[in-house]
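Peer 1: Residue numbers (this note's numbering), protein chains in the order written: chain A, 1 to 479; chain B, 1001 to 1167.
Since the hints were derived computationally from the structure, they do not count as laboratory data. Some hints could be false.
With the Cβ distance kept under 8 Å, some of the chain B side facing chain A (calculated, not the full set) [as the list claims (entries may be wrong)]: (1) Ala1121; (2) Leu1122; (3) Val1144; (4) Ala1145; (5) Gly1155; (6) Leu1159; (7) Ala1160.
C-beta atoms are modelled at their ideal positions from N, C-alpha and C, and glycine is treated no differently.
Each chain, written out:
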Amino acid sequence: MDFSGLNVAALLPELLVSGGGLLVMALHAAFRGRQDRQLVWVSLASVVAALAFCLNPLTVEPGYFGSALSDPMAFAGRITVLAALVLLLPGGVAYARSRNLPQAEYLSLSLFAATGMMALASAGDLIVLFLAVEVLSISLYCLAGLMGERESSRQAALTYFLAGSFASGFLLFGMALLSGSAGTLDIAALGTGLARVSGTGTQWVALGGVVLMIAGLLFKVGAVPFHSWVAEVYSGSPTVVTAFMSTAAKAAAFAGFGRVLLALGSVSEAWVPLVGICAGATMILGNFTALVQGNFKRMLAFSSVAHAGYLLLGLMAVGAAGESLEAVIFYLLPYVLANAALFLVAAKVSQAGSGNYKLDDYKGLARRNPWLAGLLALLLLGLAGMPPLAGFMGKFMVFSAAVRAGHTGLAVLGILTSVVAVFTYLRPVVYAWFHEPEESGALNLDGGLAFVVWVAGAGLLLLGLWPRLWLDLCAGIGV
Amino acid sequence: MDIKTLLELMFGLLTVASAIWVAFTPKLLHAGFSLLFTFFGVAGLYVMLGADFLAAVQVLVYIGGILVLLLFGILLTTAMPTAELTVGGTRRGQGLALGMLLLGLLLLAVFRAGWPLSMNALPETTASDIGKGFMTTWLLPFEVASILLLGAMLGALHLARRAGEDQ
Chain A
1 MDFSGLNVAA
11 LLPELLVSGG
21 GLLVMALHAA
31 FRGRQDRQLV
41 WVSLASVVAA
51 LAFCLNPLTV
61 EPGYFGSALS
71 DPMAFAGRIT
81 VLAALVLLLP
91 GGVAYARSRN
101 LPQAEYLSLS
111 LFAATGMMAL
121 ASAGDLIVLF
131 LAVEVLSISL
141 YCLAGLMGER
151 ESSRQAALTY
161 FLAGSFASGF
171 LLFGMALLSG
181 SAGTLDIAAL
191 GTGLARVSGT
201 GTQWVALGGV
211 VLMIAGLLFK
221 VGAVPFHSWV
231 AEVYSGSPTV
241 VTAFMSTAAK
251 AAAFAGFGRV
261 LLALGSVSEA
271 WVPLVGICAG
281 ATMILGNFTA
291 LVQGNFKRML
301 AFSSVAHAGY
311 LLLGLMAVGA
321 AGESLEAVIF
331 YLLPYVLANA
341 ALFLVAAKVS
351 QAGSGNYKLD
361 DYKGLARRNP
371 WLAGLLALLL
381 LGLAGMPPLA
391 GFMGKFMVFS
401 AAVRAGHTGL
411 AVLGILTSVV
421 AVFTYLRPVV
431 YAWFHEPEES
441 GALNLDGGLA
451 FVVWVAGAGL
461 LLLGLWPRLW
471 LDLCAGIGV
Chain B
1001 MDIKTLLELM
1011 FGLLTVASAI
1021 WVAFTPKLLH
1031 AGFSLLFTFF
1041 GVAGLYVMLG
1051 ADFLAAVQVL
1061 VYIGGILVLL
1071 LFGILLTTAM
1081 PTAELTVGGT
1091 RRGQGLALGM
1101 LLLGLLLLAV
1111 FRAGWPLSMN
1121 ALPETTASDI
1131 GKGFMTTWLL
1141 PFEVASILLL
1151 GAMLGALHLA
1161 RRAGEDQ
């Protein structure tokens, strides 16, 4: 047998992260849970090693006979997922410790979920794509359930499980029809396979496959009309898990989604109207629903629905000739940084205030901790897309890609809904700076949270001022 | 009508009829047992299509493993064996609309497709090719599946333990 196509090194980041998860399980068992405080360092070490190996030239060749790719999308997806892990794992462990929840299981499942996300971002064939989606979904269902102590958390886990399983059914059925009609499981070859059957009766099978698969993926990313689970799951799950779901999992899903749509570019007339309607509806509904929320966590949940709409708009541009995934790649990293930090800040502010994520908790935050209030404003304005922050560059690239691809109407809709989003994101900022505090006393951040907030803020500023740094890195690594 | 077509029709009918029963019976236990016939019918269809390995896996894993586990789960949970499910309910309209849409899409695909036949002869057995595939081209799915099972097991064990006594 010929093993020259194996190139295990291409998969080193995934292997390191899943190995970290296994090591955490083994150490937890070996020390009978007495050394669980140290396990977070083991996990972070495996994540940092994986980050280093993402830059390794050995990972540039595709591995596992084409199942694991190393293009810019795979690189950006891996880095984004690993960055989210670095920001979220310490906070998650602190949360688990303070509530006497299992730390080792949290770490292992997070690392397994991240393995699935990274495999999804670099999947070269449909089988790996589906298995990766399942690895990340099942790990997240378990995380949502086991990190919770309240009834709402179990409810969220169950809702997530049911909605996710339903979506997986659609996804798998669509894949079966699509690969059957195209005669290949290789994602990159789907386009030529479909071009071969176009005009014959088989194209109807392919059409069914495309529609079902896109429906499954829309479900997974929480886009309208399959968004109904998002609010309940995101607001019911423990905040550290919600942050992971809405950042890393969403980024990975969009990476996989983008790769499939890129391959289906040759049959774009079949799916562009469908995705276009969903993108428009998602932008409108997400932004307007976020605007009226009085609960910060629900506001972030709906804002992440809105961002899914902008990302869908970016993916639609991929269908047109010559557009790469660059806009989507760029959009993801600042979105993940800002959201991860905001969810953790939300947990902290809520804990110090009402305990149920009311927007009123932010009143007078500037008096109690001006640095935190300033960084909160920076992160929220970054999400809103204010220059010179990275969110602006992301939106600018997505909208201009959409215009170049001929979707001017949707781009205008995107700009208009972004204005609505500015109001949404400004409300907590106004509360923090121009309202009297309801509670007095300083609100101090612990070291871990301060690190996360500063890193996310600096990342938004850096990526906004020098966007080419990140794009060139992505383009240079993936060949 | 030759014997092969007759068998295919029989297995198809068995699958569809028992699946309808699964969906519409209000008794959970009946649905579970009816699923047995659905799985068996699908296994029969696999055999008719020359997928011998897949048929064996279908019987071993779905009937022998998943279904038995499902029935145990129902029978060992108090109040579950006699539980009456609400079939339909408030969202009947939505479900019907979605189902009809899906049915229309699939019927369109089924009847418009020419279903071209491959000129290659069917392989004698498929197991050895599948085995080789798992160790070469499809090595990564094989490994990712192991992470999937491990994660699911870890989560399930912990969720079950928390529901019972602590640790």
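Peer 1: A separate judgement is required for each hint: does it hold in the structure or not?
Peer 2: So, going through the hints one by one against the coordinates:
{"no.": "1", "hint": "Ala1121", "in the structure": "18 Å, violated"}
{"no.": "2", "hint": "Leu1122", "in the structure": "16 Å, violated"}
{"no.": "3", "hint": "Val1144", "in the structure": "4 Å, holds"}
{"no.": "4", "hint": "Ala1145", "in the structure": "6 Å, holds"}
{"no.": "5", "hint": "Gly1155", "in the structure": "2 Å, holds"}
{"no.": "6", "hint": "Leu1159", "in the structure": "5 Å, holds"}
{"no.": "7", "hint": "Ala1160", "in the structure": "10 Å, violated"}
Consistency with the previously given hints fails for numbers 1, 2, 7, ordered from lowest to highest.
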